[in-house]
Structures are given as structure tokens and as C-alpha cells.
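Enquirer: Protein chains in written order, with this note's numbering: chain R, 898 to 1352; chain G, -1 to 344.
Please note that a few of the clues may not be correct.
As the list claims (entries may be wrong) - Just some of the chain G residues that point at chain R, by a computed CB distance under 10 Å:
#1 Q16
#2 P20
#3 G44
#4 F47
#5 V61
#6 A62
#7 P63
#8 P81
#9 H83
#10 A113
#11 R117
#12 R153
#13 Y166
#14 I181
#15 V182
What the hints assert, rightly or not - Simulated restraints on C-beta separations:
#16 G/P258 x R/Q1322: 30 to 40 Å
#17 G/E310 x R/P1092: 51 to 61 Å
#18 G/D162 x R/R1246: 44 to 54 Å
#19 R/Y1331 x G/H4: 42 to 52 Å
#20 G/E302 x R/P1092: 35 to 45 Å
#21 G/T170 x R/A1150: 40 to 50 Å
#22 R/K980 x G/A333: 58 to 68 Å
#23 G/R295 x R/Y1162: 28 to 38 Å
#24 G/P18 x R/D1244: 50 to 60 Å
#25 R/D1219 x G/R118: 51 to 61 Å
Everything labelled a hint here was simulated from the structure, so no lab data went into it. Yeah, the Cβ is synthetic: ideal placement off N, Cα and C, and Gly gets one too.
Take a look at the letters that make up each chain.
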Amino acid sequence: MSPTAGPRKQIHLAAHFPGVNNTTVWAAPPAGPTTAPGRDAARPPSFGSQIDFASFEHLARTAERGLFDFFFLAEGLRLREHKGRIHDLDVLGRPESLTVLAALAAVTERLGLAGTVSATFNEPYELARRLASLDHLSGGRAAWNVVTTSDAFTGENFRRGGFLDRADRYTRAAEFLATAREFWDSRADAGEPLPVDHRGAHFTVRGEFGVPRGPQGHPVIIQAGDSSEGREFAASAADVIFTRHSGLEAGRAFYADVKRRLPAYGRRPADLKIMPGVTYVLGDTPAEAQEHAAEIRRQQVSPQTALLTLEQVWGVDLSSYDPDGPLPDIDPDPHGELAQGRVRIADPRAVADRWRALSRAKGLSIRETVIETTGRQSFIGTPQDVARELEAFVQGDAADGFILVPHLTPGGLDPFVERVVPLLQERGAYRTEYTGTTLRSHLGLPDPARPVRKD
Amino acid sequence: MPVPHHPLRLAVALDAPQAPPPSDAAPYLALARLAERGTLDFVTLGDRFGGPGPDALSVLARVAPTTERLGLVATVTTTHTEPFHVSTGVATLDWVSRGRAGWTVAASTSEAEAALVGRRPAAPAAEVWSEADEVADVVGRLWDSWEDDAEIRDRATGRFVDRDRLHYVDFTAHTFTVRGPSIVPRPPQGRPVTVVEVADAPDAGHAERARWAVAAARADVVLVRAEDPGTAGAARAALHDRARAHGRDPGALRVLASLPVELESPADAVGLADLLGDWFAQGAADGFHLRPADPARDLPRIVEGTVPTLRERGLFRHSYEGTTLRDHLGLPRPASIYAPAREAVR
Ligand SMILES: Cc1cc2nc3c(=O)[nH]c(=O)nc-3n(C[C@H](O)[C@H](O)[C@H](O)COP(=O)(O)O)c2cc1C
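This is chain R alone, in the form it adopts within the complex (with noise of 0.2 Å):
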């Protein structure tokens, strides 16, 4: 297929470091490469250190490469449990966000930097100190990802505890930024610093912020989050959302529903970037790429983790069952909480029924069962298949770029840059270098307004 005439939406692609998370394959297989963690920058194995800088380097080096908008961090403040106890079956151990991006500023020269901070865990000077530094460590290449954490769970870990109900969650993530552009907007010219004085619900900061207007005015403010609150808080304050709408349909559907509120914050459609995460799997030919994707799903549902995911939704100890056999009779318990620090699922019993109806029919076992239901693979085939439709997702208004989530570390974004960079410049729809320097040039925003000085 040739590229059709007229202007075309260019792609917006990110690499999210595939480090703590249910999808990152850690054990090699049988036959491949140790299990030792990657020491050697210049050659990593691709079941490296999710810890090491190394691995950090390695990855952002390779989004850099391939002319990528920016290198994405998670976050997690607690270790998941189960049972009670940690969950020791996927990847855990990360560094801390905002740090480990000041050093990966030093190995990259135009590579936006991103980071996932809570709202909740965190204070409105401190923060926009920290971004405000990072951004111009980075010469303008900060981004915040901001983040509600939901759960009391976490909340032992800090001064507040507790939790926030989501209406508060958002109210304060909304003011919580509010807060920090009034920090980053009181160094907005060259004199001295205007002391800010804020009072509202949930912050009340007085002073003097100590750190010059960073390159970018104020860093890239991305938002991860599907409730409706949580769309409004991106429609009104986002340059940029973090999604896990995938499919082509879902992604219309919620690009649509999240641009049609912009027009309500005198924002236009081009101000908020929608990126959904994504994975791939490639291969010569489609028959390989999907015998490729099934080896995956198997290496990241194990025997242990498909019983886990299981014991999730049921709400019971289900660890006499034989995960090659088929599914429990016994019903789940509406009331188990066996997981924290996880999202909840609504309805145990319902997603029960359902996979004892797949199973039957299919004839699965639990482990097949589970791999077949909570398959998040969105692109499989060959490089010009993927090419094609990352490309088809962008142009049908699905989304305006991706955030791709590889499974390996380090070395998951080595063939996408590879095989599939190429093909989407070949087709125009995709950067050949970087025009700018800044995070927010990447991505087509303006630098936001300097405020008008009332004094």
C-alpha cells in the first residue's frame, strides 16, 4: 500500500522501560541465554537487569536511535502482595523516577524524559522543584506523568497514609499541578521570583521558588487514568494521554469522547496528544510472528501465574488445583480481597462464568485459559503489517501515537527501531530526524503563555 495524498498525521511514538509490571519476561528459556543479569552496555542480553543502568541506557539509547518522543517511567511506591504476602512471580525492584531520568539526561542529547509521579504521595513545592530541575538538567526534555494512587495500601508507606476517594483524588491532582505551574509561572521573566500564595482545598504554599523558568516553560504534563474524572482532568490540563484503549474501535471511541471536551477548556484538538500503551511482536512472515506471540504469552503466564491470576478472581486459595487442569467448579468468593496493591476486579463472579464457558468450549486448561484471557498483544506480523497498521491507527483518529511496552529488558526496542522505524518514515508518517530539541517541539505543543506580571 502506498501512502494516500495529502497531509498525513505524523506518529508519535514513546518507549516505556518494560521493567516492574505482569508482562516483562524474565526467565530465558530453556535453550536461550542465562538468566544473569546484563552487565555489558554495549552488548546487554535481552533478559538483563531491571535495575542496572546499564539497562536504562541501553533502552533510552535505542528510543533515541529511533527518533522516538520520549522515554516513559511507571511507578510504583509499595510491593504488590498476595495472600499477604509479596508477590514474588514478576518483575520487581525499580529505581526511583526523576533521578534515574537526570542520569539517562547525560547519555541522551534530545530524547524526552518522563516520568510517573503520584499526586497523592507527593507535595506541590517539592515536585515542581524537582521537574523544574530536571528539565533544565535535560535541557527541556521533562515530562510528568501524574498519577492518583488509589489505594490505602500504599499510603503506609508515607507521612499522609491513607488513600483518597477517586473525587478527591482528582480535585487534588488538579490543584496539585495547578500549585506547581504557579511555582514554575512565578519565574517567568528574567527578574526576581514573585512569591507565590496559594489557598485551596488541599494546598495551602506561600514562597519563593528558587529555580529559573525551565527550557520548556513548564514540563510536558501527561495524564494515565480512564475515568471520567480522570478525562477531564486530562482534557483540562494534559499535553498528553497514556492509555490502554488499544483496540481500533475502543481507541475511536475514547479519542473521540476525550477530544470532543477540549473545546470546553478553549483548548483545540492538536493540544492533547491521545498515546495508548501498546505491545508488538514481529516476524518474517505472519505464521511466524504469531507462533512468536503464543511462545510469549506461555513464558508470561508460567504454571505459578496462571494459579495467581486465578486466585485474583475467584478470591479463594486455589493452589491444590493443577494449572494444566481444567477450572474450579466452586464459586468465587465476592468478598476475597487476596491481592493489593492491584486493580480490583468488579465482578468475580461474572468473569468466572466466563472463562468456565471458554474453557469448555475450547477445551482449555487453566493456564491456556488464562493466557487466551488476558492477552494484551496489539500489533503481531510481519514489520510492513505492523507499519501499516500503527500507521492505520493514527490516520483513523485511534490514537496520535503509541507508547510501546516491550517485554524484554533491555533489548525489547532493539527490532522495532530496526524493522519498523524505517517503514513508517518510508511512508511519511514518521519523523526522518528531530527538528527541535525540546520534549514539548517533539510533540508539536507550544511552549505555554508567559503569565502577564499584575504587579
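Dock chain G with the ligand against the given chain R, drawing on the hints supplied.
Expert: Same frame as chain R, now just chain G with the ligand:
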């Protein structure tokens, strides 16, 4: 007074006391590379809650990948920050520098700084330093909360970590609680180096007494601001006594005399070497933390004048032998406090 028989330790402050701190990376990179050429043990970068300039921890993280051996010590104020964030931030500096991180414990008594957060009013020095002591305590426990070999990647059982080697710290302080474990695996040095700055006399008032208590209980390195070798040496001896009273081995405490320096000519740099050699010979300190009036002018003179003179006299290293800040300081890598408990259970 006992004369130290180990090599002299040498550190330098990157802060320019007279000038507003730069926001971009370049000036810090230039100074750090120079300090590394001089094989200094570490550089410090100050920070003050509410202060001007970029966040010190972020600056030194930015410096880390462009240096290889130099120790990097950032000031972190414990009064308004979350202890959990302090612990993960410093641990991450240790990861990105591959074992060269340290932090200087600070506390804030200022009403203006408290108003920037608005969470609680300012408190007197004795209170905020006693809180700083608890923060330093829990920070160390969080670093230990992952034993070194917690990551096992055991294919047979499907386990990425051995959860028996991860520990809840369940720490209850007067103003906060932390459940743990850390989200960051144990850093390369086990515990990054903890630094405390004190004045030469512990009885100089409430504030100073409280800082001395933190130094004696928590510090790996104490920076003593002293005017002459006699008082510096007395402070060193007093710190050793107090550390011993806390059940610590005073041999694992490095006391550096912290001196303001202003080198107006290359000759001053050699004069400085004479002075340092003299103080060192008198047992005033294990080494020195120099605070240049103008780092951009003074640091080149230290590296090109003072350091070579000290080397000629056999007082200072010609090259780095180890790779971590603990190596440079001759401080052992501590075992996790939780490791023996696990052995005992088995
Ligand atoms: C794609 C995506 C990524 C997210 N990443 C994080 C994260 O890294 N850390 C975190 O604490 N929360 C994360 N969240 C959680 C959100 O910040 C938010 O707390 C959650 O989605 C609940 O809000 P909601 O009801 O608006 O969806 C993420 C959410 C989404 C949709």
C-alpha cells in the same frame, strides 16, 4: 593525640557561596570531571529546602554517567520530604553511579520553608534533628530491606525474588511510620554513605547538640567546621567516644575537617597542601572537606597545585584503587541488618 595512619581523604564542595547556583548541567559537569582528575574522594553539593538552584540529588545524578570514580554526595533535607522518597532517591543515585553515592543529612527550622509545603509549622532544631535521626535510621533500614541476593530468577518455581529475603521495616517514628520494604533493590554499596556536618563543639547550643547526636549515631563521614587543628582533633576524639557509646566501631567513622579556602594564586595552592599536611600530621582529622570561595577558580588550583604536592609527600593517592565511594574512604560494605535474622531462622 593519635596520628591517623591511613591515607588522607579529600573532598570538595561544588557550591559557589557568593554566586547564584547555575541551573543547567554544564558547570557542574566541568567541576566534577576536574575533581575526578584530582582523584578526590568525593564532591558535595549543598541544597536547602526553599533554596535557589536545582535539586542537588538530580544534579549529581546528571553528573554520574559522565564520571567514573568520583563520589557524589548530595544534601537532602529531611524535614519536609517523605522518608520513603529520601531512601529511594539516594538509593537510585547509588544505582546510576554504580556505587558512588552519599547524602548529607539536613534539617529545616525555617518558617518560610515550612510555608512552601504548608503541611505543618516550623519546629525548633532539637525537634527537626531528632526527626532527622529517625529519617536516617529508617532510610538505612529501607536500603537493607532487600537482602543482596533477593533476586533469584528461579525458573523451576517461577519466582523472580525470594520473598523471605525482602523485609517489612515497620518503622514507627514520632512523626511518621513506614511499612516497607523499599521498591528499590539494595544499592551497590549496600548503604550509600551518610554524611553529617557539625560545628567543632557539641555544646554550642541545642541545634548543635542534636546534630552531634545524629553524627555519632548515623554518620559514616562527619564534616567538622573547625578553625584550628587542636579543636578539630578534639572533635574527632569526642565523635569517636560518642559513636562508641552508640555501640559503633569508631574505626568505621571518617571525620573530615571542613575548611573554607580561597586560592588567589598558584602559590596559595601549595600553601594549602602545607596546611593540610600539618593538620593531618597532628591528628586533627582523617582528611579534609574544602569549601572553595569560587570553585571555578579554586578547584583547578586544588587539582593542579594542592593535590600534586600532597601526592609528592606520599599523603594522597595517585589513582583510584577501588570503584565505590566506600572503597575510596576505606569503609566496608555493610551487611543487611536483616540477613543474620534470616540465617538464624533457618
Ligand atoms: C495506562 C495507565 C498507566 C498507569 N500507570 C500508573 C503508574 O505507573 N503508577 C500508578 O501509580 N498508577 C498508574 N495508573 C493509575 C492511574 O493513575 C489511576 O490511579 C487509576 O487509573 C485510577 O484512576 P481512574 O479511575 O481515573 O482510572 C495508570 C493508569 C493507566 C490507565
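Enquirer: Hints first: check each against the structure and report whether it holds.
Expert: Consistency of the hints with the structure:
no.: 1; hint: Q16; verdict: violated, 16 Å
no.: 2; hint: P20; verdict: holds, 9 Å
no.: 3; hint: G44; verdict: violated, 12 Å
no.: 4; hint: F47; verdict: holds, 8 Å
no.: 5; hint: V61; verdict: holds, 8 Å
no.: 6; hint: A62; verdict: holds, 5 Å
no.: 7; hint: P63; verdict: holds, 4 Å
no.: 8; hint: P81; verdict: holds, 8 Å
no.: 9; hint: H83; verdict: holds, 7 Å
no.: 10; hint: A113; verdict: holds, 4 Å
no.: 11; hint: R117; verdict: holds, 7 Å
no.: 12; hint: R153; verdict: holds, 5 Å
no.: 13; hint: Y166; verdict: holds, 9 Å
no.: 14; hint: I181; verdict: holds, 6 Å
no.: 15; hint: V182; verdict: holds, 6 Å
no.: 16; hint: G/P258 x R/Q1322: 30 to 40 Å; verdict: violated, 57 Å
no.: 17; hint: G/E310 x R/P1092: 51 to 61 Å; verdict: holds, 53 Å
no.: 18; hint: G/D162 x R/R1246: 44 to 54 Å; verdict: violated, 35 Å
no.: 19; hint: R/Y1331 x G/H4: 42 to 52 Å; verdict: holds, 50 Å
no.: 20; hint: G/E302 x R/P1092: 35 to 45 Å; verdict: holds, 44 Å
no.: 21; hint: G/T170 x R/A1150: 40 to 50 Å; verdict: holds, 48 Å
no.: 22; hint: R/K980 x G/A333: 58 to 68 Å; verdict: violated, 30 Å
no.: 23; hint: G/R295 x R/Y1162: 28 to 38 Å; verdict: violated, 51 Å
no.: 24; hint: G/P18 x R/D1244: 50 to 60 Å; verdict: holds, 59 Å
no.: 25; hint: R/D1219 x G/R118: 51 to 61 Å; verdict: holds, 55 Å
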